[in-house]
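Novice: According to full-length UniProt numbering, the sequence shown is numbered sequentially starting from 1.
Here are the in silico distance ranges between beta carbons for each label pair:
1. 176 <-> 64: 16 to 26 Å
2. 164 <-> 191: 17 to 27 Å
3. 88 <-> 167: 31 to 41 Å
4. 140 <-> 67: 16 to 26 Å
5. 108 <-> 182: 30 to 40 Å
6. 109 <-> 43: 15 to 25 Å
7. 183 <-> 105: 35 to 45 Å
8. 175 <-> 77: 34 to 44 Å
Because the hints were derived from the structure by calculation, they are not lab data. Predicted model only: the values in this text are computed from it and were never measured. Think of the CB as a built atom: it goes at the ideal place given N, C-alpha and C, for glycine as much as any other residue.
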Amino acid sequence: MISRLVEQSRRPDGLLGRVLLCTMGLAHRRLTAWGLEQVDLGADDTVLDVGCGGGGALDRLSQSVTDGHLHGLDLSRTALTKARRMTQADDATVRLTQGTVSTMPFPDERFDMVTAFQTHYHWPALDTDLAEIYRVLRQGGRLLIVGEKVKLQYHLEDYETTTATADLLDAVGFSESETVDHPEWLCVIGVR
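Let the hints inform the model, and build the full structure from the sequences given.
Specialist: Below is the structure:
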């Protein structure tokens, strides 16, 4: 049963997936708000949310990125359907794409910021997936990774600290990395 829930959190599908998307959306609100407080967003930024799920982070991002472009990427068609409703997405304001972080269908240096809330522990290969994010970030662009400590301890033992993840960003080529610690959450910010 646990493995089924883990898989559903990675790629929500069917009735259980829809229920889980609602639950995760509510559960991640505070974490998302705290994570976004750690970075400055420009009104005209172009931002990608990797593993956008039901669109909660995109909805929150739309409050700051009022003249820019928001993109959501997720494996799950079910998640993208919910995200489309949550954000009232149309191609002019929010673009939603089904796909994987490992091979993103975006050109080089496309985004000012890439965000990942509660998703990087599901990525197939953290080092190469971070390199793919690096590819789509503009020079000076930022990566924001935010996750719950308890989930990182369960899914990513080697990267359960901000220092370990920041070291990995450095190895991938990010010019700067900053870590922010919270009693419940971890945040890593990388600059290309």
